[in-house]
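Protein chains in written order, with my numbering: chain P, 1 to 114; chain S, 1 to 114.
Don't read these hints as lab results, they were simulated from the structure. As the structure is a prediction and not an experimental result, all values here were calculated from the model. For each residue, glycine too, the CB sits at the ideal point set by N, CA and C. Relax, there's no trap hidden among the hints.
Which chain S residues face chain P? A few, computed with CB under 8 Å, are given here:
hint	residue
1	Glu42
2	Gly43
3	Leu44
4	Phe89
5	Arg101
6	Leu102
7	Phe104
8	Gly105
9	Glu106
10	Gly107
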Amino acid sequence: GAVVSQHPSRVICKSGTSVKIECRSLDFQATTMFWYRQFPKQSLMLMATSNEGSKATYEQGVEKDKFLINHASLTLSTLTVTSAHPEDSSFYICSASTGVHEQYFGPGTRLTVT
Amino acid sequence: GNSVTQMEGPVTLSEEAFLTINCTYTATGYPSLFWYVQYPGEGLQLLLKATKADDKGSNKGFEATYRKETTSFHLEKGSVQVSDSAVYFCALSPSSGSGSRLTFGEGTQLTVNP
Numbered sequence: 001g002a003v004v005s006q007h008p009s010r011v012i013c014k015s016g017t018s019v020k021i022e023c024r025s026l027d028f029q030a031t032t033m034f035w036y037r038q039f040p041k042q043s044l045m046l047m048a049t050s051n052e053g054s055k056a057t058y059e060q061g062v063e064k065d066k067f068l069i070n071h072a073s074l075t076l077s078t079l080t081v082t083s084a085h086p087e088d089s090s091f092y093i094c095s096a097s098t099g100v101h102e103q104y105f106g107p108g109t110r111l112t113v114t
Numbered sequence: 001g002n003s004v005t006q007m008e009g010p011v012t013l014s015e016e017a018f019l020t021i022n023c024t025y026t027a028t029g030y031p032s033l034f035w036y037v038q039y040p041g042e043g044l045q046l047l048l049k050a051t052k053a054d055d056k057g058s059n060k061g062f063e064a065t066y067r068k069e070t071t072s073f074h075l076e077k078g079s080v081q082v083s084d085s086a087v088y089f090c091a092l093s094p095s096s097g098s099g100s101r102l103t104f105g106e107g108t109q110l111t112v113n114p
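Using the sequences and the accompanying hints, generate a full structural model.
This is the structure:
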């Protein structure tokens with residue numbers, strides 16, 4: 001149980017286009033979802049926290065107009081990178097939580113912007 | 001604010017060697033402490049956790065004890081295997097579980113050679 005999926009696992013897009021990453025909790029309802037960014041050989045940087053049905057809370061320094069987060073249901077959150085540029089290339093990881101007890105991580109999405 | 005500091009990597013060991021990865025933290029109150037493992041190209045998996053002082057988390061031969069007096073949560077394994085090669089992250093949560101935001105250490109790359 002407690003499986004979180006991400007789609008796609010890898011995506012390559014051209015500079016200036018937008019790309020959407022989906023995060024799904026497959027067998028539980030997630031009241032909160034987190035989005036992280038991970039640079040090579042570095043730790044995870046929390047980008048934003050989203051609660052179902054409400055606006056996401058972004059961390060300082062993260063552009064909310066560039067990284068659009070939608071948490072439309074208790075099993076789905078999406079991250080849209082708008083007008084992507086090569087510096088947005090990274091590994092994006094989502095996680096889902098049912099409350100305070102546990103946070104389950106997705107397998108990650110490798111984004112490459114050419 | 002909360003912070004987690006891990007020993008610098010990378011760490012390279014021979015199979016069956018003893019492993020210690022140091023982790024110290026700074027936090028107010030009584031945080032929960034976690035070790036996560038990330039295999040190449042994948043998301044994070046919870047390895048073990050401890051929610052109060054003197055608790056010992058254990059899983060797959062790995063152990064860590066929550067030491068409030070030294071604010072530490074060092075990861076140990078008596079005999080590592082090649083399959084343990086991965087990046088290990090120490091993390092803390094302000095609540096009793098990991099469902100609320102996590103603060104991660106920098107990660108320690110472990111390579112085990114046959």
